[in-house]
Amino acid sequence: MTQINVRVDGASYVDDVEPRTLLVHYLREQLGKVGTVVGCDTSNCGACTVHLDGQAVKSCTVLAVQADGCQVTTIEGIAGSEPGAALHPVQRAFHEMHGLQCGFCTPGMIMASIDLLKENPDPSDDEVREGIEGNLCRCTGYQNIVRAVRHAAAEMRGDAADDPEASPAEVDTAASEHVVEPVAVQA
Amino acid sequence: MTAVEDRPVGSLAPAKEVGQARLRKEDARLITGRTTWTDNMVLPGMLHLAVLRSPVAHGRITHLDVSAAKERPDVVAVYTGRDLAEEQGSLPCAWPVTPEMVNPGHPSIAVDSVNHVGEAVAIVVARSRTAAADALEAIDVDYEPLPVVLDMEQAVQDGAALVHDHIDSNTSFHFVFDGGENGVAEDTEQAFADAEVVVSRRFVQQRLIPAFMEPRAVVVQPSGDNYTLWSSTQIPHILRLMLAMVTGVPEHKLRVIAPDVGGGFGGKLQVTPEEVLTLLVARRLGKPVKWTETRSESLMTAHHGRDQIQYIDVAADREGNVKGLRCRILADMGAYLRLVSPGVPVLGAFMFGGIYKFPAYRFECDGVFTNKVPTDAYRGAGRPEATFAVERIMDELAVELGMDPLELRRKNWINAEEFPFTTSAGMTYDSGDYGAATDQALELIGYDELRAEQQRRREAGDPVQLGIGFSTFTEMCGLAPSRVLGSLSYGAGGWEHASIRMLPTGKVEVVTGSTPHGQGHETAWSQLVADQLGVPFEDIEVLHGDTAISSRGLDTYGSRSLVVGGVAVVNAAVKVVAKARAVAAHLLEANEDDLDFRGGTFSVRGTPGSGISIQEIALATFASHDFPEGVEPSIDADATYDPDNFSFPHGTHICAMEVDTETGFVKIRKYACVDDVGTIVNPLIVEGQVHGGLAQGIAQALYEEAIYDADGNLTTGSFVDYLIPSAADLPHFDTGNTVHAAPGNPIGAKGVGEAGCIASTPAVVNAALDAVRHLGVTDIRMPLTPERVWRAVHQGGDGGERATAGTNAQGASSAEAAGASAGSAPIEGDHL
Chain E
1 MTQINVRVDG
11 ASYVDDVEPR
21 TLLVHYLREQ
31 LGKVGTVVGC
41 DTSNCGACTV
51 HLDGQAVKSC
61 TVLAVQADGC
71 QVTTIEGIAG
81 SEPGAALHPV
91 QRAFHEMHGL
101 QCGFCTPGMI
111 MASIDLLKEN
121 PDPSDDEVRE
131 GIEGNLCRCT
141 GYQNIVRAVR
151 HAAAEMRGDA
161 ADDPEASPAE
171 VDTAASEHVV
181 EPVAVQA
Chain U
188 MTAVEDRPVG
198 SLAPAKEVGQ
208 ARLRKEDARL
218 ITGRTTWTDN
228 MVLPGMLHLA
238 VLRSPVAHGR
248 ITHLDVSAAK
258 ERPDVVAVYT
268 GRDLAEEQGS
278 LPCAWPVTPE
288 MVNPGHPSIA
298 VDSVNHVGEA
308 VAIVVARSRT
318 AAADALEAID
328 VDYEPLPVVL
338 DMEQAVQDGA
348 ALVHDHIDSN
358 TSFHFVFDGG
368 ENGVAEDTEQ
378 AFADAEVVVS
388 RRFVQQRLIP
398 AFMEPRAVVV
408 QPSGDNYTLW
418 SSTQIPHILR
428 LMLAMVTGVP
438 EHKLRVIAPD
448 VGGGFGGKLQ
458 VTPEEVLTLL
468 VARRLGKPVK
478 WTETRSESLM
488 TAHHGRDQIQ
498 YIDVAADREG
508 NVKGLRCRIL
518 ADMGAYLRLV
528 SPGVPVLGAF
538 MFGGIYKFPA
548 YRFECDGVFT
558 NKVPTDAYRG
568 AGRPEATFAV
578 ERIMDELAVE
588 LGMDPLELRR
598 KNWINAEEFP
608 FTTSAGMTYD
618 SGDYGAATDQ
628 ALELIGYDEL
638 RAEQQRRREA
648 GDPVQLGIGF
658 STFTEMCGLA
668 PSRVLGSLSY
678 GAGGWEHASI
688 RMLPTGKVEV
698 VTGSTPHGQG
708 HETAWSQLVA
718 DQLGVPFEDI
728 EVLHGDTAIS
738 SRGLDTYGSR
748 SLVVGGVAVV
758 NAAVKVVAKA
768 RAVAAHLLEA
778 NEDDLDFRGG
788 TFSVRGTPGS
798 GISIQEIALA
808 TFASHDFPEG
818 VEPSIDADAT
828 YDPDNFSFPH
838 GTHICAMEVD
848 TETGFVKIRK
858 YACVDDVGTI
868 VNPLIVEGQV
878 HGGLAQGIAQ
888 ALYEEAIYDA
898 DGNLTTGSFV
908 DYLIPSAADL
918 PHFDTGNTVH
928 AAPGNPIGAK
938 GVGEAGCIAS
948 TPAVVNAALD
958 AVRHLGVTDI
968 RMPLTPERVW
978 RAVHQGGDGG
988 ERATAGTNAQ
998 GASSAEAAGA
1008 SAGSAPIEGD
1018 HL
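Chains as they are written, first to last, in my numbering: chain E, 1 to 187; chain U, 188 to 1019.
Hints may be right or wrong, so weigh each one.
[Stated by the list, open to error] Just some of the chain E residues that point at chain U, by a computed CB distance under 8 Å:
{"id": "1", "residue": "34"}
{"id": "2", "residue": "37"}
{"id": "3", "residue": "47"}
{"id": "4", "residue": "75"}
{"id": "5", "residue": "107"}
{"id": "6", "residue": "145"}
It is worth saying that the hints were derived from the structure and are not from the lab.
Just so it is clear, the structure is predicted and the values come from calculations on it, not from any experiment.
A virtual CB, placed ideally from N, CA and C, is assigned to each residue, including glycine.
In isolation and in its complexed conformation, chain E is listed as follows (with noise of 0.2 Å):
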């Protein structure tokens, strides 16, 4: 067993594990931090992907020891920690967009994005496609997720009227961004 002293998330931890303890699995079965999952064992679905240091990881590439006197944030860590607080530009744009449906991908999504954004504050359709294409999503077919990153970007840029940051998400009402022209054609 090896001591390490991590942030996750705003707390500080002191814990013993086992040295070939993976990062992911530390944050789930020892911190109980549950919304960052496991999707498969090669590191190629993202599903499990938290900042560390402030960039993005897929903690299953990362051994536990490896986090030590480091600063972790998860899915659970970038809207407030109490209820109601205002969720992450990114988050919120996931919701408005419709850029999730069973949502298992979508932690690693949504923490993979913000790097990107952090990286490109204003990327194209093809430039974040390319951002994500380490982050596997078997429901979406990733238009919808790729409209929610530009239209978070948009927002996290201030192009949008109103300040994102200081809005908390909006209460649901029809997504006007949203155009599907059902054509009427009544039988």
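Based on these hints, arrange chain U on the given structure of chain E.
Positioned in the frame of chain E, the structure of chain U alone reads:
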């Protein structure tokens, strides 16, 4: 005191919820990580189960020693197949498609022999996940290898090695549907004998892996002789029934819960060996037990999909009028029959004709055993296979006749004024307008411009050629009318159940038997009920996925949730309103017939200012102080809905594909589709379902294939080798809708969950062929890897010859195919 909001009596009804792009209620927990995946669950004293799996595809277990594993630290128990043989029963197959179907039985854990790589051989139960996994290494097993059967066309030959030596062939069943013999079509053999043109092709539907993102997990908590089982399943209701029948745990002592479930796509429509084993171990030990699979285990042992070899013959006259369709199918069952393995090709049996008016139709299918993991439902289940075959053969026929593929389709499809139309497969298609959807899709993709560019590239001899492919498809959804399932020998019905509970504060609980895993039932069902009861969307909670809460249900698959389960919800709401009407009449001192119900409020016709809301009636019912004589004090209601017919969504999908003839690299340039899924309850959710389906259908065409080597090892056993597309691998989709409400369905919905997946695959392949057909290419084997495309362009054939040995992708000549197929031989050549 009342908790019910005051609302102005007699105000205009609020805007209808159905049709609005409501954002999803489900999202709040999913985007914040406050989820309840099965693997999240921790219980006091919980033990962990790990499975030792067979490394050989076919063999006899000659030696199995677990004694060293039992001595490993933190190991509580180790079991072999022999230990559990008396209590494990056989995993169920609920669909004996013919009376003679051979089911070899399916142990959850191997007892004497193993029949596919990954089959369970021993299980370790330990205090931690890692201790259980570590102890697997201490188990000693010897196998006597037996001949490995992998190729279906060889497996059905006389004298072939057997997958199961206690049955006398590798053929499980021979299913036939003949439209002529059933009196719904002309004689097929005569149609072919008389035909001016016959085109025959052999298509390969490669084996796919559903690859839901959440790996499967099971937790069982015993409490006395009661058991609660959480599972990452699509089918908690069916699972409860089947586990009771398999293990002997009485049904009323077993509660099954599907918490948050991370995708299924048919892959979690199953009763798995691990669910049975976890329950058996928890029963033996009296302790909570958890099993969670790794991704490698999932790809290797969760059921696969597709895997058919199709011999398709089409007959026509020289003017392009189709005369008959004949399909002979080999369907790979894998080593065993799982829940609906044999039913998958049979679901396709009635859809091979697609949207076309074939006067004659015959379908034959052999279910074949091989030493691979079983196949079962995967998004579309039988219908993608059928759609691929007909949409590909129509293109081939068009080439043979020198016709435009769209012109040939228009000439033969069912016209809008011909609905309802009974096909030569005996299905009655409900409604639609194939021409309208096609016209809209052509506009959406910019068809004329693309054809002009294709011409330019052809003439310039551009190394990157452009092709355009169509799929004008229909599918059958809304599984299913119980009587029809009965006529096809399925073991259960196809109804769905719902309950509505009116709470004293006016809030509403909707209980549905349809269990979601990403489809957005909580949102869509809330929209349905808000319209029916006139209560706010936010006042409705949808409960599901727990057999103790939702006691009756048949779960989610086959695009049935809205079409069947949604109607049950609507019907329950209608009953609630009827019951509330009696109470309202009493409280308003009026005759029931004089009451209007609008916007959630009953009012006396012609008496402005009178009125009581249904939410106020809920409180009055709770108190029951002033209730009509002889009426039970409840306005709650249940409904069970069994549809009369399937529904038939349709659409036109068009793919524009660039093919680099120098490298074989294919790239979708544009993809447009117009789907008619009937009335749209939530356009946001519908569009999302279409996108996701497209991704999976395109992935079959371009990326995915489960490949076994010559020894029966799955070589695509991780996401490194099994190519789920990433965002960078998929194009932008242009989607649209036409709307023909489903007649006979109170919502008017037809189902959308599988449409994109069913329609897209042939559009993509047809597009690639259209790009290179002038270079002499007539077929390219899926998936269209650069190597296969390059070989097809430069070396002829379909590019599949160099695929890994032991897969159906391995080339077989049509002469071999003829001998392999049951029934009459395929007709060689294109002409008679």
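### Query
Hint numbers the structure violates, sorted upward?
The structure breaks none of the hints.
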